[in-house]
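*Asks:* Now for the letters of each chain:
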Amino acid sequence: MENNHLIGIGRESKQLATWYFTFAAIIFGAQLLFGLIAAIQFVEPGFLYGVLDFSIARIIHINALIVWMVSAMFGSVYWLLPDETGIDTIGIKLGKLLFWIFAAAITVVVLVFLFVQVGPANDTTIWFITEGREYIEAPRWADWGIVVVVLGFVSNLFLTGMKGRQTGVITVLMSDMIAFAGIYLAGMFFTDNISVDQYWWWWVIHLWVEATWEVFVGAIAAYGLIKMLGAHRQVVEMWLWIEVTMLFGSGILGLGHHYFWIGTPEYWWEIGALFSALEPLPLVAMFVHVLYDWGKTQGAHDAKGESKAVITNKPAFTWFVLNAFGNFLGAGVWGFFHTLPQVNLYTHGTQFTAAHGHLAFFGAYATILIGMFYLAVQGTNGIKVLKSTKLSIWSTSMITGGMMGMTVALTIAGYVQVLVSRAQMGATWAAYFDGENGVWFAQAMDWRLIMGVVIFIGFILLMIDLLTTGKKSVHER
Amino acid sequence: MANKSVWTDNRFWRRTATWVTGFAALLLIWLTFDTSTQIAMGNDSDLQNRITKRVPSPTVINYKIAYDMNVKRGHEVPVIGGDDGHGNSLFKEKEKFFGRDDWSQKEAKALLHLGKLAQQAKNCMDCHTILGNGAYYAPDLTKAWLDPAWGPNGSMQAMTNKNTKEEAMAEFLQHPDMFPSHIRMMPNLGITAKEAKGLVAFLKHMSSIDTNGFPRNFGKMQGAVHGK
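Chains as they are written, first to last, in the working numbering: chain A, 1 to 477; chain B, 1001 to 1228.
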């Protein structure tokens, strides 16, 4: 980024944002690469057997997912903070130092996952190799490192938010990020009791992805609408508060849908079913809200007799709209499919969950964060209106199409498991493999791999576009 | 502005968001206290006094465990030490675990501790599911202890050349790459004999956890396909 147009207020904050975005993009690539390895192993189990087994490929696949998203979330906040508050980010030097600590710690964790993989059954392994708890496998030392970095990030946000203009977006982000950071502590202890273990483990996983992260997305979408459409702040922020009400109102107790079968009492059936069934509602609201604001702003523009599109960043806005729809479809519809205990008794722990997980993480988070990448490209290159390029259209289509295809494939695989392994055969070792050996399951895994390749090519195109589009002459400067 | 409706008032929605979030969080915290009491691990005296716990004492490894339909609850539950005919535990019938049925509270606890550590240190959850959570590359382990494949007539005892379930499991865990159970083979994770014993204790203990009937019909279905 030689042509750096980052000047004036918030220059350093936005620069730090681009560091986080760059790091996020690299880890995003790693996530897809190791996802491909795991997908190949489903088709060809001998692939890298004994060298880089499925468990290791998957650990890196899902942890890279979390890390790139958290990095991009940090980047998004550092990017919008000066725009919203109107002042320079306070303590930005510390923020920059913490970035390097964060990046170094993540690199060490990944290298240890890759080359050490497992350890003997003792505390040293838990502290320095792996904690072996899905999504938060990072060893305990890294947990503390993450806590330190997050505290630094939260203090940047709070000090700046309290001193500068405190918009609705900033208020939501401040309260959301403190919850986001605090919840992580629930995953930092060891217990012999697997039920207690998973009870608190879900506090971290669920209250992140089905509560605090969703609210974060609401806030980012609000910022994006104001930034890219010039939508009316009062309207946008009113919707944001309504979304927060609905997201936290359903999402916090929706946690109960993870407590159906882990040893916890039966009352979670009712609580989990009721509140998680409500979880899609705010996602509908968010989708309606984005399209409504778009139409309204464009309509007001047209009424003035101006025929131009109101959007100032076409690719970013495309990803924001994909977010609104993908969040509803992946998290909302695919989540609702299996959230009632009567259904979940059979779908719990099958590829059905994988189908939902893939489309939800993509639809709810990957999309809007890629949109933020494009906003940063626009800002760092001093572009007034960023247009779509052939590359951005191809990459968007391939990633989104591949993701939908993969979700359908995994859903079919899930059905086979539910019907054959669970309902018909009764969930034993033999039952499991009866399902896996079936031709429908095998075909679904083939298609999943093919779709994974499509997504990966789309990702490469996306990276090329992000790196080159700023220099192209099609944009209005 | 005087006639402005409350529905279009940002302050009203901000307060609503705060109240709703606060109420949901408080309810969750209250339920967490109740659940924490209910899922606290029992101790040996519970078993002696025939008290059913959702998560029993580690010394449950001294007892025979089954997974039977509970008449009152309408789904399967773990049944410890024999069934009273209605799916309730009798806590009578013992079962030897590595040759003993008198594991003390302290010994059993240490074994379970080792097993739980091993379960994390070997990343079990990144291929298997545990209580249904984890990865979907290998079978669910929630009730693995009760799987007929490991039983006296199952294929695994013959394959590992062992005479008891726990020995067969421990042998397999130490050398999974030597037993071609399926084309998707478990890799050798360097599990020692001691760790394997701990892991088997962990699995036996987990099978005694009351999971509200998950998985349904476990190990009961035969002859459905492939002429079994």
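Please keep in mind that the hints were generated in silico from the structure rather than gathered at the bench.
Treat the hints with care, as some may be off.
Here are the simulated BS3-like pairs of lysine-lysine, each with C-alpha atoms no more than 30 Å apart in a straight line [to be verified]:
#1 1220/B / 1094/B
#2 1162/B / 1096/B
#3 1096/B / 296/A
#4 308/A / 471/A
#5 1064/B / 304/A
#6 471/A / 387/A
If you only want the chain B side, here are some residues facing chain A, beta carbon under 7 Å, derived [to be verified]:
#7 1029
#8 1066
#9 1120
Cβ atoms here follow ideal geometry from the backbone N, Cα and C, with glycine treated the same way.
*Asks:* Are any of the numbered hints broken by this structure? If so, which, sorted upward?
*Replies:* Failing hints, ascending: 3, 5, 7, 8.
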